[in-house]
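*Asks:* Respectively, the protein sequence lines represent chains A and B. Mapping of the first sequence onto the UniProt record's numbering: position 236 corresponds to residue 236, and the numbering continues sequentially without gaps. Mapping of the second sequence onto the UniProt record's numbering: position 164 corresponds to residue 164, and the numbering continues sequentially without gaps.
It should be emphasised that the hints constitute simulated quantities derived from the structure, not laboratory data. Hints may contain errors.
[Unchecked claim] Looking from chain A toward chain B, a few residues come up when the C-beta cut is under 8 Å (computed): (1) H42; (2) P144; (3) K252; (4) S257.
Note that the Cβ used here is the ideal one computed from N, Cα and C, for glycine as well.
This is what each chain is made of:
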Amino acid sequence: MSGGGSLERERRQAYLLVAPAVLVLVGVALYPILAAVWLSLHRFILVFGERRFTGLDNFAFLLSDSRFWSALGNTAYFTLVAVTVELLLAVPLALLLNRAFPGRGLLRASVLVPWAIPTVVSARLWAWMFNPEYGVINRLLPGPDINWLGAPGYALHAAILVDVWKTTPFVALLVLAGLQGIPEDLYKAARVDGASTWRMFRSITLPLLKPALLLALLFRSLDAFRVFDAIYVLTEGGPANTTETLSIYAYKTLMRSGDFGYGSALSVATFLCVVVLAAVWLRLLGREEVSR
Amino acid sequence: MGRRFASLLVPGLAMLLAVGACRRASEGASEQAGRKRLVFKYQPLWGAPEPFHELLARFERENPGVELVTEALPNSSDLAHQFFLTSLEGGANDFDVLVADVVWVPEFARAGWIADLSEYFPPERLRADFFPGPVEAVVVEGRTYAVPWYLDVGILYYRTDLVPRAPRTYEELQRFAREAMAKSPGVQGYVWQGRQYEGLSCNVYEALWGHGGEALAEGGRVLLDTEPAREALAYLRGLVASGVSPETVTGFSEEEARRVFQEGRAVFMRNWPYAWSEAQKPDSPIRGKVGIAPLPTKSGEPGWGTLGGWQLAVNAHVSPERRRLAAKLIAHLTSPEANLVLALNYARNPPRPSVYDDPRLRAGDPFIANLKEMVERARPRPVTPYYNLISDVLQSEFSAAVAGLRTPEEALKRAQKQVDHLTGEGE
Numbered sequence: 001m002s003g004g005g006s007l008e009r010e011r012r013q014a015y016l017l018v019a020p021a022v023l024v025l026v027g028v029a030l031y032p033i034l035a036a037v038w039l040s041l042h043r044f045i046l047v048f049g050e051r052r053f054t055g056l057d058n059f060a061f062l063l064s065d066s067r068f069w070s071a072l073g074n075t076a077y078f079t080l081v082a083v084t085v086e087l088l089l090a091v092p093l094a095l096l097l098n099r100a101f102p103g104r105g106l107l108r109a110s111v112l113v114p115w116a117i118p119t120v121v122s123a124r125l126w127a128w129m130f131n132p133e134y135g136v137i138n139r140l141l142p143g144p145d146i147n148w149l150g151a152p153g154y155a156l157h158a159a160i161l162v163d164v165w166k167t168t169p170f171v172a173l174l175v176l177a178g179l180q181g182i183p184e185d186l187y188k189a190a191r192v193d194g195a196s197t198w199r200m201f202r203s204i205t206l207p208l209l210k211p212a213l214l215l216a217l218l219f220r221s222l223d224a225f226r227v228f229d230a231i232y233v234l235t236e237g238g239p240a241n242t243t244e245t246l247s248i249y250a251y252k253t254l255m256r257s258g259d260f261g262y263g264s265a266l267s268v269a270t271f272l273c274v275v276v277l278a279a280v281w282l283r284l285l286g287r288e289e290v291s292r
Numbered sequence: 001m002g003r004r005f006a007s008l009l010v011p012g013l014a015m016l017l018a019v020g021a022c023r024r025a026s027e028g029a030s031e032q033a034g035r036k037r038l039v040f041k042y043q044p045l046w047g048a049p050e051p052f053h054e055l056l057a058r059f060e061r062e063n064p065g066v067e068l069v070t071e072a073l074p075n076s077s078d079l080a081h082q083f084f085l086t087s088l089e090g091g092a093n094d095f096d097v098l099v100a101d102v103v104w105v106p107e108f109a110r111a112g113w114i115a116d117l118s119e120y121f122p123p124e125r126l127r128a129d130f131f132p133g134p135v136e137a138v139v140v141e142g143r144t145y146a147v148p149w150y151l152d153v154g155i156l157y158y159r160t161d162l163v164p165r166a167p168r169t170y171e172e173l174q175r176f177a178r179e180a181m182a183k184s185p186g187v188q189g190y191v192w193q194g195r196q197y198e199g200l201s202c203n204v205y206e207a208l209w210g211h212g213g214e215a216l217a218e219g220g221r222v223l224l225d226t227e228p229a230r231e232a233l234a235y236l237r238g239l240v241a242s243g244v245s246p247e248t249v250t251g252f253s254e255e256e257a258r259r260v261f262q263e264g265r266a267v268f269m270r271n272w273p274y275a276w277s278e279a280q281k282p283d284s285p286i287r288g289k290v291g292i293a294p295l296p297t298k299s300g301e302p303g304w305g306t307l308g309g310w311q312l313a314v315n316a317h318v319s320p321e322r323r324r325l326a327a328k329l330i331a332h333l334t335s336p337e338a339n340l341v342l343a344l345n346y347a348r349n350p351p352r353p354s355v356y357d358d359p360r361l362r363a364g365d366p367f368i369a370n371l372k373e374m375v376e377r378a379r380p381r382p383v384t385p386y387y388n389l390i391s392d393v394l395q396s397e398f399s400a401a402v403a404g405l406r407t408p409e410e411a412l413k414r415a416q417k418q419v420d421h422l423t424g425e426g427e
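Hey, can you work out the whole structure from these sequences and the hints?
*Replies:* Listed below in structure tokens is the structure:
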């Protein structure tokens, strides 16, 4: 009886202790989301000085807005290619870092440098290097100069390259953590059975790495889908909107055009896309956990 | 338990209260001393701060009891616009005088964020004292909403050692460029700003005016899909397609163009006056080999450069008394004397024609004095409250045309459709 009472008290105490954190979260996370949803149901353009409720009009327009679809396409392409390349590069990198060799600590630390530089700074750095007239990349590459940031076919790929350069180390670190969780005994047993290195990688490393890979996939694809800073610094969405992502379109509509209603609708659409993406990954992750 | 909860909450609340109290205290303190605070938001002027501070100090001396506070804005025009958008929309009244980019005034006036200053600065008086372009940019529907502070204009730079004289027509520009390129391999013809951003729009408007066009029709409708606009975009695309301009201009903003020109690798450049002092630095490879001229046109008459620059306006949310004081500060900061201080110390172009004839300016900075002819012909971008609303659409379509992704006809049709959609319902 008295034990139950103390448990009850502890529970209440726990709620009270988390209450400030929950309040802060409601204030800084939930309120802006709800406010954006509410705004997205209005026609609210600052220069017109009017604000009226229009229901789902903004979303109806969004469905017929070719600029929205091309931004969505750019965002999806960016996410798909960047995250795939990052995973493909990160796994060998993590395998390398997992080996014992002299100078491993230094290499592990230096691999993280790109990730530690603020995105805006590294994007500015890359913008200089990509500069078609005096940038270092065209000097290093043989063949004719490439118009990296000004040509429609190249600009988005240049942005992907910057993202890959910046976040591969982060993915490698996640994979490395996964690798270190695999018991050494499994490899010993496999070696006794005469398994080849490839066989060990396929049958032991990869399956046991799956949770870590899925986690990396979840983190990175959600992050890549909201990409703003790197692309904004590199191209501001140009040329001809070929590098415009959903976040950039929403930002321009909100902050440059002062179209708060439609800009909020774009933000809400981006938010919904990220939620769907997160739900899909979490489901996969969850199933992975269950099957184990 | 309740106490523990309180112990968590109290520091947070106390902090909030302290912040509020501090703000109130600072306001109260200045009022107690009988001093009036006047807050001026501006972008930093590059150069030694003393002459500008002296200008502000003079205002305080001439207006005893006024405490002038300056607050810096982010240097990027986009970020400054974002700041005003959010703070003025929220009714902020913690600053009195603000500096506005030339394309913001109609937008801010329409939104009711900046005060009508006609009683202090009647439009007729502005017309008598200032160049026509900047006056057109600050007078909205016959009322004055801001006063020109300093201005900027698009001009043509050319290499005096590579071409016989400044080109007057587009045809001449291309011919001179080709001849010079043939004589000195590795040198490019004409560099300008073709990246998708506001600078591209400026280049397009200049080509539009140079082909005899206007970007705004009667009744304030933004009219884009016109014959001169098609010619202008075809001309700009043609520069890239024919090799007179390198293909890479589609990724250029001001600095990219300036660097190529400054390294001696281009015959012509379109840029703002700031590039001059860089080109004339002691270690500049093109020092002494650069001339400036009005942009060429189709017909050969001197071209119209885009008007850039900053204006001073008053926050509409402040009290009438502070408004009056703010207008006084604007009068002080835009006086011919102040124009001269800005021109001589910060290379900012005076918006008053009379200042260009001042012997002190001629002796101090002949480059600025020589700009008079071009500044006189500076034209504002379409003067409409919708400018920022539509400029994004324009940039992407102009970019598509210049990069060769769409024909000028297609790009303009698409732009016109989107602009009509954006502005149509607000009428």
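*Asks:* Each of the hints needs a verdict: does it hold here or not?
*Replies:* A quick look at each hint next to the structure:
Against a cut-off of 8 Å between C-beta atoms, the interface hint on A/H42 is violated, since the closest Cβ of chain B lies about 13 Å away. Look at A/P144: its Cβ only gets to about 10 Å from chain B, farther than 8 Å, so that hint breaks. For A/K252, the interface hint holds, the least distance from its beta-carbon to any beta-carbon of chain B being 5 Å, beneath 8 Å. A least Cβ separation of about 5 Å between A/S257 and chain B falls short of the 8 Å threshold, and the interface hint therefore holds.
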